[in-house]
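Chains A and B are the protein sequences, given in the same order. Under my numbering, the first sequence has 5 at position 5, and the numbering climbs by one with no breaks. Under my numbering, the second sequence has 178 at position 178, and the numbering climbs by one with no breaks.
Hints may be right or wrong, so weigh each one.
One copy or two, either will do: identical chains are not told apart, so a pair holds if it fits within one copy or between any two.
To be verified - Straight-line distance between alpha carbons at most 25 Å, and here's what the computed SDA-like set of lysine to any residue pairs gives:
1. K22 x E141
2. K313 x S113
3. K313 x A215
4. K22 x T223
5. K46 x D303
6. K46 x N320
7. K22 x D220
8. K22 x L189
9. K22 x R193
10. K46 x A224
11. K313 x G244
12. K22 x H190
13. K248 x G45
14. K10 x P216
15. K22 x E166
16. K22 x P216
17. K313 x P158
18. K10 x G250
19. K10 x L32
20. K248 x D303
Simulated from the structure, these hints should not be mistaken for laboratory data.
Given next are the chains, with one letter for each unit.
Protein chains: 2
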Amino acid sequence: MPDLSSLRHKVGTALTGFLDAKDHAAPGTELLYLTTTLRGLLSGGKRLRSLLCVYGWQAAGSTGDVTAAIRAAASLELFQVFALVHDDVMDDSDVRRGQPSAHRALAAAYTDSGGPRGRAEAHGLGAAVLLGDLALVWSDELLHTVGVTPDRLAQVLPLVAEMRSEVMYGQLLDLQTTGRLTGDVDTALHVIRYKTAKYTVERPLHIGAALAGAAPPVLDACTAFGIPLGEAFQLRDDLLGVFGDPAKTGKPVLDDLREGKATVLMALAVQRASPAELSTLRGLVGRSDLTEEQAADIRAILDSTGARQTVEKMITTRRNAAFAALDEAPFPAAAADGLRQIARAATARHA
Amino acid sequence: MPDLSSLRHKVGTALTGFLDAKDHAAPGTELLYLTTTLRGLLSGGKRLRSLLCVYGWQAAGSTGDVTAAIRAAASLELFQVFALVHDDVMDDSDVRRGQPSAHRALAAAYTDSGGPRGRAEAHGLGAAVLLGDLALVWSDELLHTVGVTPDRLAQVLPLVAEMRSEVMYGQLLDLQTTGRLTGDVDTALHVIRYKTAKYTVERPLHIGAALAGAAPPVLDACTAFGIPLGEAFQLRDDLLGVFGDPAKTGKPVLDDLREGKATVLMALAVQRASPAELSTLRGLVGRSDLTEEQAADIRAILDSTGARQTVEKMITTRRNAAFAALDEAPFPAAAADGLRQIARAATARHA
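Kindly produce the complete structure, drawing on both the sequences and the hints.
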């Protein structure tokens, strides 16, 4: 089993090799326009799904050549870039991973190449939709060529199909709830289960495990660990989205509040707010021109209502449930140790 | 081999069955919001790719149970809806198949359900991107479950991967050339080769043939027939996009001119235009507020330069090349006859 930094490096090498082959095989040079942006997006990121995929493979008892798991992990990174690029289009976000979001970068590239300024925004949007589409179909192609037998691949594909339907269902819920301020904590939890817990944690583990031919008890243990950890991960993300340091997260700290993301954090605050506080929230959350001062007023309410502290407790509860699931899991010790490390890092992170 | 209308019906049934299962399996009713729109989009269309897929299967000598080819055909229809929905987002088109385009329909559904009017357009766009994504991953899922062995499926998947990369490459070229008026006929032909000839004709034939375990000579013959036919199909489409009857095509007849689509038709006109005509084209093509009178001025130039007649000749040349390829092809007579019918209809159509 390679250590973490060597594993990250191997995933990066698999991605670079795949994109090099694509650039090389293209009938012209036009594709570079998209692959250059794609390479930039792929160079960032925590590689969390990659690590989970490889640990899933190891959790199923595999110890041999890790190449297929690495390639599957790289495929998940491509899928994640697809999801981010389209998510930024949907949310009209300016920044991703500390850099301009894909549609902004592609709009700028268009005017730089002499395209009329008046069409730049529309062009950037169209090109970003296309870039996301390409990342999605290429993630598939990389997965289909990881180097396992067709029979083994046939065991993996249904899990990938589940993952993809789930994250899109989560995105749909997100889209439908964003901008409508409510105290509905259950719905907010339902959204993060699909948008994050299954997509970011459970399914990468499942896919790695299935690549190694895992039996049902191993897949079940991945679920028992993955769902609470994934929920904790997203709850931490929601806190960072409001209280985090943009220099560390690479995302502007006002985006979630300006969009009016229907987080658990916000739902708890709405439930508990005094009439005056509720009126402040209603007036400010979701304003696209929200100022830093107004954001500070919202943060004060998230604190005074105890919503922030409750979310911290929810994270701890879920992290502990994930640890407990690991203690019961039929995983080799090395895999369980690695997953314990990830659980610690993912729930206590600052970025 | 079922006749054409029964074949269309079987493809429709496969699609309905698949979506019913998706609606049924969803954790909530939210998904209906997207699947209802998706069903509407899937109910239209000529089913050209479906027919080609099933004829490809038959061209490879298959005569037995056609179920797998029908399911693969249905998967191509889902893929096509993905492509249309994202294409309409990229072009900001209002109408598709005679109905509001997906992003317009979803924006209207949002305000109908009480969503704030100011967010409707952004919501419609986001929901349409997501709807396209869902159609894409579901097309994959349907393909993976057509009911052939993993080994046979492994022969089909690389062709599907090629098809998807090719159509996206074509879309990229389209995006880069739209709005820039040039006399570059070669580039315009290059775009339609990727955007249409390979995607709409060659690859559906290949996929059907590969499902039946076709040998290389059969695949080569599909290419020899498919590329010229596909080019002729798109050239006809370009003529209909400017001279067609919107009541028959289901697309507003000013869209291509307003977007400034870089068609072969327009490139020929630019090459041959007098200075006065060229100045008229430069002033009008690509204007988003183009009037019917201004469009008539453009059409007059497409006629007076002989561009329209040249495109008609190019269609005839390519249709004849497709017929000649069929005469040489190692296909059973029934498949060749069916393909001959399709070639006739696709190049002489009014919609």
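Run the structure past the numbered hints and jot down the numbers of the failing ones, going up. 2, 3, 5, 14 and 17
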